[in-house]
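Asks: What follows is each chain in one-letter form.
There are 2 protein chains.
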Amino acid sequence: MEPSLTTTSPAEQDDFRQAVAGTLQQFLGGQKELLLDAAPDAAPLVEAIADLTAGGKRLRALLAYWGWRGAGGSVLAEPAVQAGVALELFQAAALIHDDIIDRSDTRRGNPSVHRRFEQQHRRNGWSLDAERYGQASALLAGDLCLSLSEEVFSGIGAEAAAGTPARAIFNRMRAEVMAGQYLDLLEEAAGPGRPVEAAVDRALQILRYKSAKYSTVHPLSVGGALAGASAELLDAYVAFSLPLGEAFQIRDDVLGVFGDPATTGKPAGDDLREGKRTVLIAHTLNHCTPAERDLLEAKLGSPELSDQTVEELRGLITSSGALAAAEQMISERTAAVDEALAALPVTADVRNALGRLADSAVRRNA
Amino acid sequence: MEPSLTTTSPAEQDDFRQAVAGTLQQFLGGQKELLLDAAPDAAPLVEAIADLTAGGKRLRALLAYWGWRGAGGSVLAEPAVQAGVALELFQAAALIHDDIIDRSDTRRGNPSVHRRFEQQHRRNGWSLDAERYGQASALLAGDLCLSLSEEVFSGIGAEAAAGTPARAIFNRMRAEVMAGQYLDLLEEAAGPGRPVEAAVDRALQILRYKSAKYSTVHPLSVGGALAGASAELLDAYVAFSLPLGEAFQIRDDVLGVFGDPATTGKPAGDDLREGKRTVLIAHTLNHCTPAERDLLEAKLGSPELSDQTVEELRGLITSSGALAAAEQMISERTAAVDEALAALPVTADVRNALGRLADSAVRRNA
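Chains as they are written, first to last, in the UniProt record's numbering: chain A, 1 to 366; chain B, 1 to 366.
Worth flagging that the hints you see were computed from the coordinates, not collected in a lab. By construction, the Cβ of each residue, glycine as well, lies at the ideal position given by its N, Cα and C atoms. Honestly, I wouldn't trust all of these hints.
[What the hints assert, rightly or not] Chain B stretches covered by chain A per the calculated footprint, using a threshold of three residues with CB under 8 Å from any CB of chain A:
(1) 135 to 144
(2) 179 to 186
[To be verified] Now the in silico label distances, taken between C-beta atoms and shown as ranges:
(3) A:N110 <-> B:R194: 25 to 35 Å
(4) A:Q26 <-> B:V196: 49 to 59 Å
(5) A:N110 <-> B:E304: 33 to 43 Å
With the hints as constraints, model all of the structure from the sequences given.
Replies: Here it is in structure tokens:
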């Protein structure tokens, strides 16, 4: 389940959301036509992207929109819609590849893209290995999706041309999120041998790169930059969106261990099985006994974790004070978000819209 | 070993090659600095890209250059160098992901990028699975490389801006090569159940998308388009480069089965183990007996193919007339290349340079 951002959103936001959905559908329809003309068998690649991008919270597109409006961009203008579409396609590309890396079976309530292709292989009784076929096809679907994101972004034209601030932010976003995902992998692998005192700092750095900047900071900034935001406004956007992105991800980390499978759509304790070294885990490592630390290190990242072990680790995370520390970090960041929001030099409409987005990103259960 | 394109190349081409290498190095050095500032641990991602792009034949960059020069672009001009760098980075991204899909151990005489990260994991005695770490890291390195390719291409500026022919070709190139690679996977999986009479046509379609257009047609065209080539010149470029790209890939397919491991750097019969359904295999399926076809279908794509079985399949490919048919296809295309080259409305210098590139692409043993 996705948090229902729509219920309290203003009509303008709903209109923007519809414009993004319509433009996405039209653009991907055109891409499919091009392929059908030339290589009809390749259509499933575009279909997988179209189905995936039909869902999602559109958080990044919406932040870009209000960033644009806050900098004086006009209502439902084309560059903002295009930026929203480019960000949604970029996010979809990242999710497709992430799900391969994390071996996730589902995404947005449907089979993940590699599982989708794997299932197609099995259904048709094709030759060679179905799992490998699924992963390879999804790798290519992600590459295509990444390319299409860029195609849409460069299609914005003058506002996003070479040398503009918007282009620089978009470039930076891509490099940073890939670097952040790599840091995440590296910490899973090399973390156990690294100083435990610095574990929270390392987890925060990963979180900033792989998630916070890319989920909130860069989308809001790119929207602002497209509308010609001043350096001061862009700084004010960062002051609001960086703690927001951090709180958003720490909430995600808490849900990844304590979330209710019925609302998150993921198995209980999924992050523990994946071995993610989140802020929550870093706090635990820092505050538990050496014996408990050995237990946690031994269990983290083992795919066959029993429900009972998950329960045991949850107990450890709670009793060590790590859960409370993570909730404390969310609270501090939420306070910083509120303060920065109040100080944003934007109209009341934009402030209200950003406030609603911030609420739904941080106070959620899925 | 790479074919030595340098020995007969003119000084101008050597200068261009050096300019591409220098710009690549400088650009990637800058990217590494940016990462080192912010997230020093992520530097290996850029280092892997820098090492991979230090090698290679630079066929695509050189074609772009002579396409540029043939359309009146000036000697060693910035847009041509940038386009060359963007194409080299795009090619590197495709190779990194290809090597994951094909499980290739080596590339350009070094470990493939996923093996490089896997080895780093083992050397350091890190936690969790080394192979999975290697593949996940390489997936991210490829994504970063793809993004950097785009960053450089959009950095060209006005000549490659939204709505220009060069941008349209670059977009088209990316979508087509990904579609072509998917068709290749699909044919490996679904090919055995498809009409054998159409196998050669299907193999040719795959070859056109995943290789010919992207290795020769689009690079030459994008160079021309950047220099403002007329539609007539771009058509003449295609008449030259499409048969060239096809001959280049069919030569590759022949080397993939019959190449000498000492010169190709790949194990004998590697393509047979990977189950690639090339034009060579399609011809064999078309012309052998039903019993032979069953044998070929049973062996194709099994990783544990013995050297003796490889020898047996080579015998079948030769005795069925498929090898001769593939060589015939190369000859026909080479003739078309020569004819189109003679008719190209370009200066003698450009014609000579393109002729040398064509020679080295088709008449090679590695």
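Asks: Decide, hint by hint, whether the structure agrees.
Replies: Status of each hint after checking the structure:
no. : hint                          : in the structure
1   : 135 to 144                    : holds (count 8)
2   : 179 to 186                    : holds (count 7)
3   : A:N110 <-> B:R194: 25 to 35 Å : holds, 28 Å
4   : A:Q26 <-> B:V196: 49 to 59 Å  : violated, 39 Å
5   : A:N110 <-> B:E304: 33 to 43 Å : holds, 36 Å
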